[in-house]
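Participant: Each chain, written out:
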Amino acid sequence: MSEIKKKIQSILPGGDWNPLYDTSYLPPEGSDVVIVGGGVLGLSVAYWLKKLEKPRGAIRVLVVERDHTYSRASTVLSVGGIRQQFSVPENVQLSLFSVDFLRNINEYLAVADDPPLDIQFNPSGYLLLASEKGAAIMENNVKVQRQEGAKVCLMSPEQLRNKFPWINTEGVALASYGMEHEGWFDPWCLLQGLRRKVQSMGVLFCRGEVTRFVSSSNLMKTASGEEVNLKRIHEVHVKIDQSLEYQPVECAIVVNAAGAWSGQVAELAGIGNGPPGTLQGTKLPVELRKRYVYLWHCPQGPGLETPFVIDPSGTYFRREGLGHNYLGGCSPTEEEEPDPGNLEVDHDFFQDRVWPPLAQRVPAFETLKVRSAWAGYYDYNTFDQNGVVGPHPLVINMYFATGFSGHGLQQAPAVGRAVAEMVLEGHFQTINLSSFLFSRFYSGEKVQEHNII
Amino acid sequence: MAAPKASLHLVAPVWNGGTRGIGGLSRVVAPEGNQKKGRSLLQFLADRFYDVEALRDHLLRKQVSKVHQKNRPFNHINQRYGPYVAGAYFILKQGGAVRFQGREWIRPNQRGHFSLDFLKLQAVPVEAVDASGCAINYQGLDSLLALKELQSLWLQRCPHVDDWCLSRLHPLASSLQELSLAGCPRVSERGLACLHHLWNLRRLDISDLPAVSSPGLTRILVEEMLPSCEVLGADWAQGLKLGPEEQPRDTAGPTPA
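Residue numbers (full-length UniProt numbering), protein chains in the order written: chain F, 1 to 453; chain B, 1 to 257.
Bear in mind the hints are in silico, worked out from the structure with no lab data behind them. Owing to the predicted nature of the structure, the values given are computational and were not obtained by experimental measurement. For every residue, glycine included, the Cβ atom is placed at its ideal position computed from N, Cα and C. A few of these clues could be false.
[Unchecked claim] Derived, one-sided and incomplete: chain F residues facing chain B with beta-carbon distance under 7 Å: (1) Leu279; (2) Gly303; (3) Glu305.
Isolated chain B (complex conformation) (with noise of 0.2 Å):
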């Protein structure tokens, strides 16, 4: 898509009807594909024998249920101590931190370890979740929903978070009033599309998510969608060039509508 000038308008990317051709996969391909430059000997192999193919099938498999173990939902902890010590465990055990109402901030040490002092906290609501980085998934998120005053959650840089993760927040609506998505690489605008049945949200960070297409577009459709919420990162000027004499101007930016 050509650049134009800064400080002009920025131009909505064309639908180009007609693209349902028969082309490859090249149209399908999510921007994270593995395509790795130079086979390695495990492909090689694999290629030419089937039990180097079944072995390395486990191996991937054996990825994929790593990722579902860590998600897995921790139900004797909920019967026995209520949902938000459930939530918070599942975070601290993922590597993130909690913080009840009226508490400090809980972390897990470098070691993973953290203490268990927060099993005591039964009653008392979890406000913030910091899972920055944390291989939450769909399924994980179970434990989540169930934190019903939720105001802050932080989602940065995690790997497994995508659009059908953010069409599973709506419940916590009422409550959530801070969420950051910055750097998740599975994010695009579809999903954010469904953020607008957060209507408490203040704050909402999407700055640097590389599956979303247009990221200054994004971000003005957004701010559109959530009158009432500001909205951090993509700066609408993203893509343009700016000339020399105007390049100062470009931190600042007109004030969002």
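Here chain F stands alone, though its shape is the one from the complex (with noise of 0.2 Å):
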């Protein structure tokens, strides 16, 4: 009887109904934007997309994304904190953004009839500690910090003492604390939030992988006679999961919002094919970098006030819970770098490079027990560690929203802003994030950033 009823509710209108065969798995035919990439960043696109443009209900959106339970996603592997204590402008001011939606998140991503969400927020601030060498850089971090809006105060050895006894100040020259709009929360309930909220917009899922790109080419002279390629994506081939079957959907704007595999997406667009040094044979230099977390369990450990601490050495943690359980790791330098074939957790690695700075510096932490460990990729940018925003300037329809290296969570609402700005206006109206787009890849102009763990 079932079976009869659905047949019938597919055959009325508004029902997916096609004569041949059952097609409701499969992508749409057609669609305005495709998204590659269903994480944070790319929810937050689809979402601003759908908020910012006029009229109500014009843009057809689609995210494509082959990981249905997030296993490997950066989004949910994350930490969690959200921190503006950042040396480059842009970089406070898309912090300050998204602490403003992460506060309001019940205006934005309110759907009638359900529960309002609660991302977990714990106001706690992050605790940045200097050595001599990098006292003064963090000076003038905070005085660009302090600019923006960031409330952020400095603190002597002596203070910090005073502040948490059971720190270790030896080696710490200077200490920045984030007062407010700093802490961390739970990426999941956010990304559910985003999922929920942008599905209840009009937007479509599929579960697939980008396999191909279609595009057309032009040869066109610009202001200076020059000659360049202009490229333009016409379809996209979407495979379905666990079948060859794939759909080719014919798009107008592609979103390259992949994470730590949107190297791999560029290159399937063709991006970086040429003689290097030119801007045609400039490839999108994002990487995946695996990064281990480890959970431990301290009796005597720091108590309810302790912040995101972290260390001169580039090690850091943060309280998890009520329980005295800490979550923390360090990140490796080059030579060390895990193989990110697999998401395997090296617990030597904690033995050797994270357990020693952190019982130095908190000596409650000598006597400690691991719970828990588990790996995540880093979108790494290994040009400077900073986004990637805006359109390529010879593949003109595919946009960029990825290669945040570690601080892509803290920055998704903002981004995601910015790039539907690009998309809709064709320029950046709220943040200004012209000094992250893609030709400075090619220029040569690094937006380096002094504080990235």
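With the hints as a guide, bring both chains together as one complex.
Facilitator: Structural data, given as structure tokens:
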């Protein structure tokens, strides 16, 4: 009986009736914007596109994500911190807007009839420690941050000892402490909230992998008489999960938000196919980098007031919950980079590289017990460890929203809005991210960040 | 969580690693989720007609904007009479009570009217604010944070005071001695963690906070965090099952560390 009911429902208007075979699992044949990657950045772009479009319902958006359980997505494996303590002013602005978004998340992402979101934000702030060498840089950074509106205060080792008696201030010359708008939250909740809202706004989701771009090129002359080959992507071939079947989706705009795999998606579009040293030959320098996060238990550890502490050696930790559990890790140096082929955890890395600086900085951590660990990918931008936002100069309808090297989650709402503005208006309106465009890889202008962990 | 027998130790909640599963939204529901049992007529119609859906959205947005309207800053009063009077006016307008230094409490009457005598107290700092039950939120705290000599702040049962608001209280650290958050539905232990900035705090009331997951453990941790402060509410033995012969002892409880 239910089979007949289903058949009748599919025949009535509004159902997806195809007399030959059932195609409900395939993506639509055409979509105005195709977003490659359904993590927090991709969903944020989808959300802002649907929010800023005029008139309402004008743009068809399709989000293609090949990993429907998000088992390898950087978003959900992230430690979930958000801070404004960056050295590049645009990063501070992005982060400030994102915190605003998170605070009012139930106004932005409200869906009728569904319960409000609780992202479990811990407003405990970040504490960055600097040695003698880094003290001057830290002071400069704090000046820039304060100019943009972040609430950061500088502390001397004496003040640090008074406030946090569990810190060993040996080797620390200066510390910067974020008083407001900094902390950590639950990225899974943000992802689900975005997903739910974006689905209610009419964005289509497809479980598949982008395998090919069909594009056309035009040989054009620039104002100075140079000849450039401009490409335009017309179709995206989406291969369905666990099948050989693919659907060509006609599109007007492609957004590359594939995170750690953005480099591979860019290669599919032909970015970087050309003689090295030219604009055609400039690849998207985003690679997979594996990072470990460890969870340990230390009953004598720092108390409820513990901020997210970042040591000058690059080791970081934060509290998790009420039960004296802590999360932390360290970024390996270039030589020690682990093989990103799988997400296996190397426990020796904790013994050799993470525990010694931790125990030195917080003596209570000399006795701790590791409870669990996991690994996740950074979408690491090998050029300058900052994001790539905006269109490609040659493949004119591919927009990037990737390469944030570990701070993508905390800037996702603001970056989503910037990309949506770029797509809809043609220029950045609220936050000017022109220094994050792709063309900097060719011209060599690095936007170097001095505060990446 | 199984409750162990009383007069033993309080078991800390174990973080069960690996709950980053695909599970639905049940984990992210706020304790105050408005899941009404039984669909109302409006919801039924909104599912079927775009006009009704738009009407419903409009009504919800109006509710939100009402709270925003109540929390707007009174800049013209601030410019003319100074921050103390502006803050007092703001609180009185919301329905709370204010006490200036050396004076009596000023409260609005049943109908929300209050006398404007305090407009001449431009240089007198405000010492105590009773904002119980007021619709004060993150934006509204702007007016309160200008009261630099505030000693006592009561935010009992405020529906919009949440963890973000608590993180904003640090400018009052040098003067604030008493803070009451009893019955605020949105305050959780994460917001209580940022009260450590208030080093002058002597009395803190954190009773009856529904969003705090383990009240007894939270109270112990807050007491450790603020050693010179008296923490009220959340009895450490809350949630433990007491044997019948130990009933009279539960109001005493061990002296805090």
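Participant: So, for every hint listed, does it hold in this structure?
Facilitator: Do the hints match the structure? See the list:
1. Violation of the interface hint for Leu279 (chain F) is found here, the shortest Cβ-Cβ separation to chain B being roughly 41 Å, above the 7 Å cut-off.
2. Because the smallest distance between the Cβ of Gly303 (chain F) and any Cβ of chain B comes to about 5 Å, under 7 Å, the interface hint for this residue holds.
3. Given the 7 Å rule on beta carbons, the hint for Glu305 (chain F) holds: about 4 Å separates it from the nearest Cβ of chain B.
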